[in-house]
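Novice: The primary structure of each chain is shown beneath.
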Amino acid sequence: MKVAIVKYNAGNIYSVECAMRRIGVDAVVTDDKELLRSADKVIFPGVGEARTTMEYLREHKLDLLIKDLKQPVLGICIGMQLMCGHSEEGDVDCLGIFDVPVKRFVAPSAEFKVPHMGWNQLSQVDGLLIPKELESEFVYFVHSFYVPVNEHTIARTDYVNPFSSALRKDNFYATQFHAEKSGEAGEKILRNFMDL
Amino acid sequence: MLAKRIIPCLDVKDGKTVKGVNFVNFRDAGDPVELGRQYSLQGADELVYLDITASHEGRKTFTELVKQVAAQVNIPFTVGGGINALADVDRLLNAGADKVSINSSALRNPELISEISGNFGAQVCVVAVDAKYDDGEWVCYLNGGRISTTRKLFEWAKEAQERGAGEILFTSMSHDGVKTGYANEALAVLHETLNIPVIASGGAGAKEHFLDAFNVGKADAALAASVFHFGEIPVSELKTYLRDNGVCVR
Numbered sequence: 001m002k003v004a005i006v007k008y009n010a011g012n013i014y015s016v017e018c019a020m021r022r023i024g025v026d027a028v029v030t031d032d033k034e035l036l037r038s039a040d041k042v043i044f045p046g047v048g049e050a051r052t053t054m055e056y057l058r059e060h061k062l063d064l065l066i067k068d069l070k071q072p073v074l075g076i077c078i079g080m081q082l083m084c085g086h087s088e089e090g091d092v093d094c095l096g097i098f099d100v101p102v103k104r105f106v107a108p109s110a111e112f113k114v115p116h117m118g119w120n121q122l123s124q125v126d127g128l129l130i131p132k133e134l135e136s137e138f139v140y141f142v143h144s145f146y147v148p149v150n151e152h153t154i155a156r157t158d159y160v161n162p163f164s165s166a167l168r169k170d171n172f173y174a175t176q177f178h179a180e181k182s183g184e185a186g187e188k189i190l191r192n193f194m195d196l
Numbered sequence: 197m198l199a200k201r202i203i204p205c206l207d208v209k210d211g212k213t214v215k216g217v218n219f220v221n222f223r224d225a226g227d228p229v230e231l232g233r234q235y236s237l238q239g240a241d242e243l244v245y246l247d248i249t250a251s252h253e254g255r256k257t258f259t260e261l262v263k264q265v266a267a268q269v270n271i272p273f274t275v276g277g278g279i280n281a282l283a284d285v286d287r288l289l290n291a292g293a294d295k296v297s298i299n300s301s302a303l304r305n306p307e308l309i310s311e312i313s314g315n316f317g318a319q320v321c322v323v324a325v326d327a328k329y330d331d332g333e334w335v336c337y338l339n340g341g342r343i344s345t346t347r348k349l350f351e352w353a354k355e356a357q358e359r360g361a362g363e364i365l366f367t368s369m370s371h372d373g374v375k376t377g378y379a380n381e382a383l384a385v386l387h388e389t390l391n392i393p394v395i396a397s398g399g400a401g402a403k404e405h406f407l408d409a410f411n412v413g414k415a416d417a418a419l420a421a422s423v424f425h426f427g428e429i430p431v432s433e434l435k436t437y438l439r440d441n442g443v444c445v446r
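Protein chains in written order, with the numbering used here: chain A, 1 to 196; chain B, 197 to 446.
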């Protein structure tokens, strides 16, 4: 199986590459359009800021390419947010695969720190990527912006308010949490993606 | 619910793990990569690797070590020690670290916090503060606790937050290595003062100390070294204890 990881101006891509190796998958990190189109699975990971990453994707014509992919695609963290509609981070229009907004966390009290950083639980999980056995499992989050619960939500997490910790529409999957840093639960989810 | 985090800290010198008691008298506690992997299997939530090597050669060894940790450990980890410029941060993040921790270099050049945060995001930038309770005040120290400064803990932590720090790692030098519990009063003040997470460090000797750091000190995470390295408190046992006492842990 050929697995491609989208190379662009976001951080933490090496971590995803390492995680793939740990589950026995040799992935290639590339921005080569043919390699991305012909891969069996594409991972769109990253840590970064929405506007600067989105501008980079547009400049390198990766925006249109990602939207047109037909194989299973997994967005992670900023990758997931970039697959949504408008983001409040940098007030920028993203890829629009999921027609939902990305909003900033507003902490109502000192109990809630922003960024939402650390291990939090998955609830109301549904589907092949995150099956029922992972209900209530802890996964690792680091983010200041979130996607509200919507028709594409396949897992939710509660912080300040319930938000989408995973999304799915057709061949597009996405997780707000870092599956590559989420211990055994994360590795299970990555393996599930490989099995789709 | 967001879980309270347990973070084993590994001091690394020339590629080997060591742990200081009150910052002197090192004892060897093993291979850093294997130790990190064991901790993740036991249920540790994050790891911190501190490079206490001073030499240029040592830095290269440490970067190689970071790459190995990234390859073998499936939980987030922070690296610190000898980070003085953006280039150091870039090198360590490229080697697979999730966050960097800066201490003396931030006190000497507070602008570094803003630069790291601006370039890589606040979540990458952990500002570590070593402070000692002295004449009714918490005084910040440089160089692993060897040089005192005129900066005070609470003001400095607040400034670090304003400059873009993503977390504060507070080590009480008055408690470090003596195993009588964390500096809970100071931690609670930090919790009230800041709106970024606070990691408690220095003083863990018993499971109750972690419980107090969360319940009394309101810490978001608790870091310890020797109690984990020498097997005095297995991480898995600590998690069970905390869960039984009503703390949300993974």
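Do not rely on the hints blindly, as some may be mistaken.
To be verified - Straight-line C-alpha distance at most 27 angstroms; calculated DSS-like pairs for lysine-lysine: (1) Lys263(B) to Lys2(A); (2) Lys7(A) to Lys263(B); (3) Lys263(B) to Lys188(A); (4) Lys354(B) to Lys103(A); (5) Lys256(B) to Lys7(A).
What the hints assert, rightly or not - Chain A regions said to be covered by chain B (calculated; three or more residues, Cβ under 8 angstroms): (6) 19–27; (7) 55–61.
Keep in mind that the hints were calculated from the coordinates and are not lab data. C-beta atoms are modelled at their ideal positions from N, C-alpha and C, and glycine is treated no differently.
Novice: With reference to the structure, classify each hint as holding or not holding.
Specialist: Hints, verified against the model:
The suggested pairing of Lys263(B) with Lys2(A) holds, with an alpha-carbon distance near 24 angstroms, which does not exceed 27 angstroms. Under the criterion of a C-alpha separation no larger than 27 angstroms, the hint pairing Lys7(A) with Lys263(B) is consistent with the structure, at around 19 angstroms. For the given pair, Lys263(B) sits about 23 angstroms from Lys188(A) by alpha-carbon distance, which is consistent with the 27 angstroms threshold. A C-alpha spacing of about 26 angstroms is found between Lys354(B) and Lys103(A), which places the hinted pair at or below 27 angstroms, so the restraint holds.
Simply put, Lys256(B) and Lys7(A) have alpha-carbon atoms about 26 angstroms apart, close enough for the 27 angstroms limit, and the pair holds. Taking a C-beta to C-beta cut-off of 8 angstroms, the region 19–27 of chain A contributes 3 residues in contact with chain B, enough for the three needed, and the coverage statement holds. With 0 residues having a Cβ less than 8 angstroms from any Cβ of chain B, the region 55–61 of chain A misses the three-residue criterion, and the hint is violated.
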